[in-house]
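Read off the chains here:
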Amino acid sequence: MDLRYSDQDREFRARARQWLQANIPQERRPASGKAASQFDRDWQKKLHDHGWAGVAWPKEYGGHGLSGLQQVIWYEELSRAHAPAQHVSTTYVALMHAGPTLMARGTKDQKTFHLPRILSGEALWCQGFSEPNAGSDLAALKTKGTVDGDHIVVNGAKTWTTDAMHADFMELLVRTDPASERHKGLTWMICDMKTPGIDIKPIRTMLMDDHVNTVFFDDVRVPLANVVGEVNKGWSTAMATLSFERGLGFIADQLELLEKVGRAIELAGELRLADGRLAIEDDEIARRLGSIKADTMAIRAMTLADIAETDRTGIPGPKGSMMKLMVTTTHKALSQLVGDMLGWGFMEFDGDRASNPWTHDYLWSWVFSIAGGTNEIQREITADHVLKLPRSR
Amino acid sequence: MYLVPEGDELEIANAAAEFIASALPINRLHTAGNADMNGAVRSQLAEMGWFALALPEDKGGSGLTAVEHALFFREIGRQCGPVDILAQALAAMVCKSADVRDALVSGTASAAVLVPEGNRHRLIGSASATHGLLVTPQSASLHEMAQANIEARPALDPANSLALVENLPAPAESQDGAHIWRLGQIGSAAMQVGLAEAALDLIVEYAKVRETFGKAIGSWQAVRHTCADMAVMTEAARAELWYAATAMKEDRGDMEAHVDAAKHLANEAALKATDSNIQLHGGIGVTDEHDAHLLMKHAALLSRLFGSRQYLLSRLLHAKLED
Chain A
1 MDLRYSDQDR
11 EFRARARQWL
21 QANIPQERRP
31 ASGKAASQFD
41 RDWQKKLHDH
51 GWAGVAWPKE
61 YGGHGLSGLQ
71 QVIWYEELSR
81 AHAPAQHVST
91 TYVALMHAGP
101 TLMARGTKDQ
111 KTFHLPRILS
121 GEALWCQGFS
131 EPNAGSDLAA
141 LKTKGTVDGD
151 HIVVNGAKTW
161 TTDAMHADFM
171 ELLVRTDPAS
181 ERHKGLTWMI
191 CDMKTPGIDI
201 KPIRTMLMDD
211 HVNTVFFDDV
221 RVPLANVVGE
231 VNKGWSTAMA
241 TLSFERGLGF
251 IADQLELLEK
261 VGRAIELAGE
271 LRLADGRLAI
281 EDDEIARRLG
291 SIKADTMAIR
301 AMTLADIAET
311 DRTGIPGPKG
321 SMMKLMVTTT
331 HKALSQLVGD
341 MLGWGFMEFD
351 GDRASNPWTH
361 DYLWSWVFSI
371 AGGTNEIQRE
381 ITADHVLKLP
391 RSR
Chain B
1 MYLVPEGDEL
11 EIANAAAEFI
21 ASALPINRLH
31 TAGNADMNGA
41 VRSQLAEMGW
51 FALALPEDKG
61 GSGLTAVEHA
71 LFFREIGRQC
81 GPVDILAQAL
91 AAMVCKSADV
101 RDALVSGTAS
111 AAVLVPEGNR
121 HRLIGSASAT
131 HGLLVTPQSA
141 SLHEMAQANI
151 EARPALDPAN
161 SLALVENLPA
171 PAESQDGAHI
181 WRLGQIGSAA
191 MQVGLAEAAL
201 DLIVEYAKVR
211 ETFGKAIGSW
221 QAVRHTCADM
231 AVMTEAARAE
241 LWYAATAMKE
251 DRGDMEAHVD
261 AAKHLANEAA
271 LKATDSNIQL
281 HGGIGVTDEH
291 DAHLLMKHAA
301 LLSRLFGSRQ
311 YLLSRLLHAK
321 LED
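From first to last, the protein sequence lines are chains A and B. Heads up: the first sequence begins at 1 in the working numbering, then just goes up one per residue. Heads up: the second sequence begins at 1 in the working numbering, then just goes up one per residue.
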């Protein structure tokens with residue numbers, strides 16, 4: 001075992017740090033609306049114009065083909081520079097889901113058209129997987145796709161669709177074989193969000209925003225050329241999408257936590273509790289902070305161990321679910337703790353992440369532990385694939 | 001950058017695992033009088049050079065690093081090995097005198113752990129050990145125990161005897177600095193990781209065969225999810241242990257923080273995993289004949305050594321970390 005970085009790794013870190021210091025946006029990200037998505041597009045375009053977009057993407061698709069370790073370095077430098085957070089960005093699905101899925105399963109035409117647009121921030125994507133009656137149990141989905149000539153006609157509804165109103169395209173999973181059950185008979189396709197028959201209804205959340213939506217489909221015609229993988233074989237394509245998210249998709253969040261813990265410790269040295277003492281002078285607060293810092297150090301060690309192993313073998317390990325459990329529970333513990341330190345300040349919130357990031361973070365902790373597979377589903381995956389326990393389903 | 005044991009590291013771990021499983025199997029603790037390290041086991045361990053693993057080569061040791069040290073003590077932990085083994089290895093590193101060092105390495109002398117307690121000292125390990133090892137973050141000292149006034153105390157953990165020592169003799173050997181303390185932290189953290197792994201293995205195996213309501217209990221989510229949580233804590237503690245041991249091997253500036261974090265996480269993982277293991281076993285888990293309580297009791301003992309929760313966490317709070 002060793003913790004050494006190569007000369008190239010160190011040089012890459014220095015170059016990334018220097019560029020980020022000079023180039024991160026000085027203005028705050030707008031809380032919501034078109035201004036927010038424009039902000040995300042602009043930042044992505046800036047990264048692209050300066051050659052920093054697609055650190056994880058292979059060179060043949062316009063990326064940098066960096067090793068896992070260099071991706072770690074990139075994300076560490078992003079969070080150190082307080083660059084716009086990736087998990088709230090409207091570019092997330094395009095860069096972290098759609099791009100990798102198209103690279104793995106897309107046709108040449110699909111890749112040529114979409115990948116450059118994703119990389120430059122020109123195209124934003126959303127994910128059409130979950131339905132009102134198919135969330136954790138994704139294979140229960142019912143949205144119907146009927147082949148009609150060279151199109152598939154879609155009817156049904158998708159929900160929890162983050163940023164549907166900003167997205168140019170959707171990764172849409174539908175049931176194309178009406179006689180099929182569960183994982184069979186599904187098709188994964190690219191849906192242009194400007195197609196007639198799509199109706200987007202925002203869902204107000206407890207974060208006081210409308211970032212998620214229900215998307216209704218009424219005879220929406222999607223060209224067969226937009227199918228990724230094969231018709232009726234969409235489950236396999238969907239698993240490629242999700243395995244990416246459960247592998248490296250949360251790497252930015254994993255590494256950002258350590259930076260946040262540092263900020264919380266600084267804050268504890270400045271904030272006064274109701275009794276006049278500094279927050280950090282309170283034994284309980286100090287110990288909870290120390291314990292969260294240790295957990296965060298372990299998350300970084302787990303991330304590096306996993307990445308280095310994947311760099312060597314080329315195959316992501318089965319530990320992504322354990323990582324997500326650890327990250328989401330630690331994230332929640334941290335935002336709860338800072339909430340306790342902030343006292344009444346924590347209770348002042350108008351929905352703007354920029355004006356009260358800690359309260360937003362606390363509310364976001366449920367998004368984090370539910371989206372992309374709930375913590376309960378992550379425990380199931382761990383029990384099945386890591387511990388090899390008998391199936392519960 | 002690589003953080004999974006490989007190559008020679010694995011060979012050492014495998015050799016240790018095989019030997020310890022036969023020389024010190026956990027089921028020895030179901031027979032009275034098997035606390036601590038007996039003379040026969042000490043001779044065998046000495047013969048194979050296990051007490052000199054991290055001792056420098058110019059002092060007659062193998063000159064290996066904190067990484068091999070961690071790999072070895074993880075295997076000791078898996079079998080609920082006594083802390084005397086750790087004391088013996090650390091004591092040899094404290095010695096300036098070649099005679100005492102050689103006696104410890106060859107197993108003709110023996111060591112137990114000392115911890116200050118009020119104006120007395122707590123002895124953990126064999127009361128007939130020739131030497132007591134007292135380690136603090138500032139220094140380590142070795143005390144000859146032949147003339148010491150030792151009062152045996154009842155021990156919760158069958159793996160180790162407990163005693164109190166009045167008027168501890170002046171040190172025969174001592175060494176300034178935190179080096180021995182850190183190796184003690186790594187060694188005891190590694191034992192805790194081994195205990196957590198053993199507890200997880202026990203319940204996962206049992207959950208596959210034990211049935212309730214006509215199904216294996218491992219198919220019930222109440223059991224599956226607790227096992228998954230045990231696995232996450234154990235994985236976290238193991239990952240940080242490898243990081244800390246490697247940081248120590250490479251003498252990185254932030255190694256102390258990582259060693260403190262590794263000890264804390266290993267304590268938490270072992271205490272939680274050994275607790276859940278008993279709970280998920282149900283009634284059989286609280287019986288004397290089962291191994292489950294042995295793991296829990298040894299984890300409780302190890303969590304009291306090489307830094308309290310308060311000490312470890314308060315140091316961590318302000319520690320600077322490197323990339």
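Bear in mind the hints are in silico, worked out from the structure with no lab data behind them. Some hints here could point you the wrong way.
[To be verified] Between beta-carbon pairs, the in silico distance windows are:
#1 A:E60 <-> B:Q221: 22 to 32 Å
#2 A:I200 <-> B:L10: 27 to 37 Å
#3 B:L10 <-> A:R272: 35 to 45 Å
#4 A:S6 <-> B:L156: 43 to 53 Å
#5 A:R312 <-> B:N14: 14 to 24 Å
#6 B:Q138 <-> A:R277: 52 to 62 Å
#7 B:E205 <-> A:S136: 48 to 58 Å
#8 A:S6 <-> B:A319: 49 to 59 Å
Since the structure is predicted, the reported quantities are computational estimates derived from the model, not experimental observations. Backbone N, C-alpha and C fix where the C-beta goes; we use that ideal spot for every residue, glycine too.
> For the pair B:E205 and A:S136, does the Cβ-Cβ distance stay inside 48 to 58 Å?
Replying inline: With Cβ atoms ~28 Å apart, the hint is violated.
> Taking the CB of A:E60 and the CB of B:Q221, does the distance hold inside 22 to 32 Å?
Replying inline: violated, 44 Å
>> Looking only at beta-carbon atoms, does the pair B:Q138, A:R277 fall within the given range of 52 to 62 Å?
In response: violated, 30 Å
> That 43 to 53 Å hint for A:S6 and B:L156 (C-beta), does it hold up?
Replying inline: Holds - the Cβ-Cβ distance for A:S6 and B:L156, about 50 Å, lies within 43 to 53 Å.
> When you take the CB atoms of A:R312 and B:N14, is the distance between them in 14 to 24 Å?
Replying inline: For B:N14 against A:R312, whose Cβ atoms are near 20 Å apart, the range 14 to 24 Å holds.
>> Quick check on a hinted range of 27 to 37 Å for A:I200 and B:L10, using CB atoms only.
In response: Hint violated: Cβ distance 54 Å, outside 27 to 37 Å.
> Is it true that the C-beta distance of B:L10 to A:R272 lies inside 35 to 45 Å, as the hint says?
Replying inline: violated, 52 Å
>> Please check whether A:S6 and B:A319 have a Cβ separation lying inside 49 to 59 Å.
In response: violated, 26 Å
Of the numbered hints listed earlier, those contradicted by the structure are 1, 2, 3, 6, 7, 8.
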